[in-house]
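S.K.: One-letter residues, chain by chain:
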Amino acid sequence: MAEDKGGPFKLEVRGLSKRYQIPVIEALNLGIRPGEFVCLLGPNGCGKTTFLRILAGLEQPDTGEILIDGESVDLTVSSHHRIGVVFQEPRLLPWRTAMSNIVLCLAALGIHGKEARERAQHYLSLVGLRGFENYYPNRLSGGMQQRVSIARALAVEPDVLLMDEPFSALDPESRQILQDEVVKVWRTTGKTIIFVTHSLEEATYIGTRIVLFSARPARIRGSWELDGSSDRVALREELGQLLAQEVRQQQALMAQTQV
Amino acid sequence: MRAERLAKTTAAVQRQRAGEALSRVAMRLHLPTLVALAIIVVVWITLSRRFGDYVLPPPGRVLDGLRDLVVTGEVWEHVAASLYRISLGFGAAVVVSLLLGFLVARSPLLSVAVKDITTVLNSTSVFVWIVLALIWFGLTDRGPMFTTFMITIPIMLSNVIEGIENVDRRLLEVAKVYRFNELARFAHITIPSIVPYIVAGMKVGFALGLRVSVVAEIFGVTTGIGYMMNFNRDILRTDLVFAWAIVLIIVMLVMDKLVFESVSRWVQRWR
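Keeping their order, the protein sequence lines are chains A and B.
Residues in the first sequence are numbered from 0 upward in steps of one, following numbering that gives the first Met the number 0.
Residues in the second sequence are numbered from 0 upward in steps of one, following numbering that gives the first Met the number 0.
Do not take every clue at face value.
In silico DSS-like cross-links for lysine-lysine, where the CA-CA straight-line distance does not exceed 27 Å [unchecked claim]:
#1 B:LYS202 - B:LYS256
#2 A:LYS9 - B:LYS256
#3 B:LYS114 - B:LYS256
#4 A:LYS9 - A:LYS183
#5 B:LYS175 - A:LYS113
Chain B is faced by these chain A residues, among others (derived, beta-carbon under 10 Å) [said to hold, decoys possible]:
#6 ILE21
#7 PRO22
#8 VAL72
#9 GLY83
#10 ALA152
#11 ALA168
It is worth saying that the hints were derived from the structure and are not from the lab.
The structure displayed is predicted, hence computed values, not measured ones.
Don't be surprised by glycine CBs; every beta carbon is placed ideally from N, CA and C.
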């Protein structure tokens, strides 16, 4: 089990709390170094997605601070920090082609014309969609739509790339392929990635670091570094037991809430 | 004995199948409608013999009148005049409802006001607008345009607002994440999302606009389908009143089936 090593952090979260009637996240601290591929693992409904939505600037935290490159930012309004988000669903605009979906997001950043098209082209190729630029999303498979969504998130050249269980809706084969694809993209671009999942296999397969969230309210239960020499089998076993505990606790909580 | 019975039932099944196939063909050709039409024409002829040309001209004379309208080219002038007025009045209603839609999308408070005003406008009689148009615009084109505008705006507005309320929130979150400004969000997410509502509103709105503006044309103008119907009534040419009524129906069908259907297919070609 590894503690957060000291900075410099790409992204740092200090004392973050959020409640919706009940506390969902409580005094959460997390530091992520540049180029890390962090998997957030935790039981369903523990606040992982809320955490990611706060990082995406879609929710305002109640207390706490978020720092990017050591600078405190309000992500709901900040316009010069770029966050790429891949949601559970592809969330493409169905009336625009793969290419023009990306070009539209670049236009919002003031990138137009040839430069925007070339950049969109570059990232579509990176996710293996060369030749599908002019397809409407409805003509692409679920896995391909999710690739477009990844290309879109990369094209804005974000400080941090957030992924919220991006492959949970895909069939097992596509999921496997896309997991490899994301690892490849991470190696090529060196992006800092935060990847939310509730699958232990997925987390230990793709991440360089696993952060285990507790049952609600979300706190950090532990953090594990992974590298080529890590004993993944032993780690899976250890994490599996811890995760099972949290899942049981979360289910007890849910049962309580329903009563 | 058994074989015989089997043969009988097979024949019955075949008869039944043939019957079903026949009724499918009949449906496709709208045979029931044609039969109803034939009955109406027969009743029409009988009644016209009984009451005479002024009250009910026979179908033959109406068709002759219709042919004359087309041959002399008179029909185009007046159809164009009517369509011009409707298009401007209705076009203004579409534009205004989209502008208001943009404001409503920003402020829920405004949305309450606009919805209430829509309800009031919806329950206002056409005749109120026709009379006011006569007072305000006198004997000009603007009367029917104004009437069309006032009658179609509540329909367009309620459709636009309903569409805006149903825009996929998940796509709006994408707009937030990727820092779209308000105008970009409205132009690229809201408007394309509400296209089906706009098209539905346009179909209903245009049909209503056509009916209403024709009534408005009875007063104040000297061209248009409504004017011609009233004019022919004045000079006792009931056959031409019928002919213009048929023109009106055809214009409506053509706009609906050809223009709106293809426009709606084109704007939703990505489906």
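S.K.: Straight-line Cα separation of LYS114 (chain B) and LYS256 (chain B) no greater than 27 Å?
M.R.: Judged against 27 Å, a Cα distance of about 30 Å means the pair is violated.
S.K.: For the hint on PRO22 (chain A), does the least C-beta distance to chain B fall short of 10 Å?
M.R.: Violated. Min distance 23 Å.
S.K.: Given the hinted pair LYS202 (chain B) and LYS256 (chain B), is their Cα-Cα distance within 27 Å?
M.R.: The given pair, whose Cα atoms are some 10 Å apart, holds under the 27 Å limit.
S.K.: Straight-line Cα separation of LYS9 (chain A) and LYS256 (chain B) no greater than 27 Å?
M.R.: 59 Å, violated
S.K.: Check the hint pairing LYS175 (chain B) with LYS113 (chain A) against an upper bound of 27 Å on the C-alpha distance.
M.R.: 25 Å, holds
S.K.: Does LYS9 (chain A) pair with LYS183 (chain A) here, judged by a C-alpha cut-off of 27 Å?
M.R.: Within the cut-off at roughly 21 Å; holds.
S.K.: When the nearest CB of chain B is found for GLY83 (chain A), is that gap smaller than 10 Å?
M.R.: 8 Å, holds
S.K.: When the nearest CB of chain B is found for VAL72 (chain A), is that gap smaller than 10 Å?
M.R.: 13 Å, violated
S.K.: Taking 10 Å as the limit, does the beta-carbon of ALA152 (chain A) come near enough to a beta-carbon in chain B?
M.R.: 9 Å, holds
S.K.: Using 10 Å as the Cβ threshold, decide whether ILE21 (chain A) counts as touching chain B.
M.R.: 23 Å, violated
S.K.: Regarding the hint that ALA168 (chain A) lies at the interface with chain B, is the smallest CB-CB distance below 10 Å?
M.R.: Violated: closest Cβ of chain B sits about 13 Å from ALA168 (chain A), beyond 10 Å.
The structure fails to meet hints 2, 3, 6, 7, 8, 11 from the earlier list, while all remaining hints are met.
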